[in-house]
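A.B. asks: Sequence:
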Amino acid sequence: MPVAAQSQTLPPAQQIAAAVLPLPEAMREGATVLGYNAEGKLVTLRSAKGDMICLADDPAQERFHVACYHGSLEPFMARGRALRAKGTKRDQIDTLRFAEIRSGKLKMPRNPASLYSLTGAADSYDAATGVVSKASPLHVVYIPFATEKTTGLSAVPSDKMAWLMFPGTPKAHIMFVPSMQ
Numbered sequence: 000m001p002v003a004a005q006s007q008t009l010p011p012a013q014q015i016a017a018a019v020l021p022l023p024e025a026m027r028e029g030a031t032v033l034g035y036n037a038e039g040k041l042v043t044l045r046s047a048k049g050d051m052i053c054l055a056d057d058p059a060q061e062r063f064h065v066a067c068y069h070g071s072l073e074p075f076m077a078r079g080r081a082l083r084a085k086g087t088k089r090d091q092i093d094t095l096r097f098a099e100i101r102s103g104k105l106k107m108p109r110n111p112a113s114l115y116s117l118t119g120a121a122d123s124y125d126a127a128t129g130v131v132s133k134a135s136p137l138h139v140v141y142i143p144f145a146t147e148k149t150t151g152l153s154a155v156p157s158d159k160m161a162w163l164m165f166p167g168t169p170k171a172h173i174m175f176v177p178s179m180q
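Going by numbering that gives the first Met the number 0, the letters in the sequence shown line up with residues 0 to 180, in that order.
Derived by calculation from the structure, the hints in this document are not laboratory data. Watch out, some of these pointers could steer you wrong.
[Stated by the list, open to error] Listed below are the simulated DSS-like cross-link pairs for lysine-lysine, each with C-alpha atoms no more than 27 Å apart in a straight line: (1) Lys40 to Lys148; (2) Lys88 to Lys40; (3) Lys170 to Lys148; (4) Lys40 to Lys104; (5) Lys106 to Lys133; (6) Lys106 to Lys159; (7) Lys170 to Lys104.
[Claimed, not checked] The calculated label-pair distances, taken between Cβ atoms and stated as ranges, are: (8) Ala37 to Glu147: 43 to 49 Å; (9) Thr146 to Thr118: 24 to 30 Å; (10) Pro136 to Ala59: 21 to 27 Å; (11) Lys133 to Met164: 32 to 38 Å.
Predicted, not measured: the structure shown is a model, and the values here were computed from it. Glycine included, each C-beta is placed from N, C-alpha and C at the ideal position.
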């Protein structure tokens, strides 16, 4: 049944199946998966020994969105989730995280770290079949504090080539956006 028709949280197996879809197939089985219990609380649905962490679609949101990221990004991602849960406004989340990173309180990866996601309308994922349609893939590689000079990448958005988003910040990352032809 499409996500839009769901009135409750999907069973863990279906959440896991959807959550790992952004990853290359060879990485899916080894990913830890965070998802939602019946009360809507984020919980670990599957612990695994791989380096990737996947986040299941949030049933409280109106869109379909699943993401997987390297475990070294977890402190940054978890802090963002905690701030959102406390009601921190979107424009303040990065301001707070950046200050915490610069002070040494919040750690960022020392090496490049990938994030993969799929985002689309609520009916983009059919839980009964496990098929995703009409969802846009995204792949980014976080390189904290990277700049145009240190990477040789343009900071001008492009759907034809990789580019650097948020250059010079803790959240600097290379965007790989597949063409939507």
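A.B. asks: Look at each hint and say if it fits the structure.
C.D. replies: Hints versus structure:
Distance check on the hinted pair: Lys40 and Lys148 sit about 42 Å apart at the alpha-carbon level, beyond 27 Å; violated. At most 27 Å may separate the alpha-carbon atoms for a hinted pair to count; Lys88 and Lys40 meet this at roughly 20 Å. A C-alpha spacing of about 16 Å is found between Lys170 and Lys148, which places the hinted pair at or below 27 Å, so the restraint holds. For the hint pairing Lys40 with Lys104, the CA-to-CA distance comes to about 26 Å; that is within 27 Å, so the pair holds.
With a C-alpha separation of about 35 Å, the suggested pairing of Lys106 with Lys133 is violated against the 27 Å cut-off. Straight-line distance between C-alpha atoms of Lys106 and Lys159 comes to about 32 Å, which puts the hinted pair past the 27 Å bound. Note on Lys170 and Lys104: the hinted pairing holds, with a Cα-Cα distance of about 15 Å set against a maximum of 27 Å. For Ala37 paired with Glu147, a C-beta distance near 47 Å keeps the hint of 43 to 49 Å intact.
Between Thr146 and Thr118 the CB atoms are about 27 Å apart, so this pair conforms to the stated range of 24 to 30 Å. Our hint of 21 to 27 Å for Pro136 and Ala59 holds, since their Cβ atoms are close to 23 Å apart. Between Lys133 and Met164 the beta carbons are some 24 Å apart, a value that contradicts the proposed interval 32 to 38 Å.
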